[in-house]
Amino acid sequence: MIQFESVTKSYPLGVAALDNVSFSIERNEFTFLVGTSGAGKTTILNLILGDLYPNSGTVIVDDIDISSKKCKRIEELRRHIGVVFQDFKILQDKDVFENIALGLYIQDLPLKKIKEQVREVLVLVGLEERGQYFPVQLSAGELQRVAIARALCGDRHIILADEPTGNLDPKTTWDIMKIFKKVESHKTIVIATHNTDIVNSMKKRVLVLKKGKLVKDMQKGGYEL
Amino acid sequence: MKNLLTSIRRTPYQSLAVFSSLFLTLFLSLLLIFCLNFLYGLLGYVESRPQVTIYFQNEASEASIYKIKTELEKSGKVESVKYMSKNDAYSLYKQLNKDNPLLLEMVTPDVLPASLEIFAKKPTYLPEIANYLNTVPNKDEVNFQKNVVNKLLSLTSIVRTMSLAFFIFLMATTIIILMTITHFKVALKKDELSLLRLMGASVGYVRKPFMDEALFLGFVSSTVVYSLFAGILFFLYPSLQGYLSGVPSLFVEFGSYQLTVWPLSFMYAGGLYLVLTAFGMGIAALATHFATDKYLAIQRS
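Protein sequences appear in the order of chains Y and P. This note's numbering numbers the first residue of the first sequence as 1 and each following residue consecutively. This note's numbering numbers the first residue of the second sequence as 1001 and each following residue consecutively.
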């Protein structure tokens, strides 16, 4: 479960990113974060990941209070969070298999188990034939699938995606969203997006942000600004 | 091991630079350690020789010589005193010149003086003992190795101080060079490191490949240095043997433990290798730790 209580976050020079934001996301819930650029979507994702800490208020993820700068359990928490970055963050000197397996190596799993899990997730994202390919040999859509596969691999039950379809064509966008739909029953998914079609079509929970404030919280909502 | 070799292969120049810096530092350190050990061994050897010898005139009676011997032993400043009578000296002379009958014919026991060989507890007692011996009656001559011991003591002290200063400078320079090179390596992998941290990798996990490489290069460079040094020593061994022909053995003391420096022993050679390897791996690991520390902390803003 993800819980924000009266969270305020401002960046140096006083730029307010979030202003007194409160919400909670249940386990295995699918949520969209929408809002204009600078509304605070990425800040929320970074707060959940523990990359930022709030100026005031409380952020609790998986029963771990990560509001304090000195929180010692950030590493432990991050091992349960998969992140899909807007710029993919795929390592160019590693092949698809190695990129996906990164999170499993961290958990020090035996190689046999790593191979099994990577194979499973490659099938899930439709890249079972691309395991030995290097990033330069893949299209943007395939790279995003690799990023999603990496986020899904292992015991990562919270998936954060920041504009996962930002640079993709409509068909590839839908292919990507289908992957999220496949795993939504057992993952908590939070997606920050500008894509109106996706939000309107999928009828999931929508949190609307405006200038750092949470202005709407809709179950089965649509895209609103 | 596969990842380690891949990492070295992908950044060959950085790895070569690390190896070269370590090689130079370790070679000079080994040379310093070896020379210092030898000097200390030599100092110990000189200190163990008769340090003050008094020769008596023919008029000196055996009783008066024994009286002086007793007084010296009571002073608490001498380790031992050895009396050598005229007859003892003649016997020794005969033994040393047994192959030269001409020399034996020319010398009788009367020609050789009786003497006392005194071993001081500390080199600093030598002048005091010599001053006392100069005042005893029927003294012919007093010889003591003050100058030799003092020169060796001051030489050892200078070499030790200079070595220490040079060693610290060498170590600091090496650590800075290794840190800079490792910084480059870390910078090349910055994206991967930040991604790993975001995925929950521990500091130890992220640091491990760098540390493994540092330890590997530390081990390899110390082994190469040691092999080269051993080769040079092996080459020079006959010359050293000739030079130190009169010296049966040299020791250095570590607390109550005595380590034989000369003739070269397996224990000493093994000890040197262990110290060198630990030192090489240690500075490489230390430099890597400092270099990676900055990048690995979770910087929450």
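Among the hints, a few may not be true.
Straight line, CA to CA, 20 Å or less: simulated SDA-like cross-link-like pairs of lysine to any residue [unchecked claim]: (1) Y/K89 <-> P/V1186; (2) Y/K70 <-> P/K1294; (3) Y/K70 <-> P/V1186; (4) P/K1002 <-> Y/K70; (5) Y/K72 <-> P/K1002; (6) Y/K89 <-> P/K1002.
Anything over 12 Å on all C-beta distances counts as not near chain Y; from chain P, calculated [unchecked claim]: (7) Q1057; (8) E1059; (9) I1168.
The hints are simulated quantities; they were obtained by calculation from the structure and are not laboratory data. Cβ coordinates follow ideal geometry from the N, Cα and C atoms, glycine included.
For each hint, the structure was consulted:
no.	hint	verdict
1	Y/K89 <-> P/V1186	17 Å, holds
2	Y/K70 <-> P/K1294	17 Å, holds
3	Y/K70 <-> P/V1186	25 Å, violated
4	P/K1002 <-> Y/K70	37 Å, violated
5	Y/K72 <-> P/K1002	33 Å, violated
6	Y/K89 <-> P/K1002	25 Å, violated
7	Q1057	87 Å, holds
8	E1059	90 Å, holds
9	I1168	37 Å, holds
Going through the hint list in order, the structure does not satisfy hints 3, 4, 5, 6.
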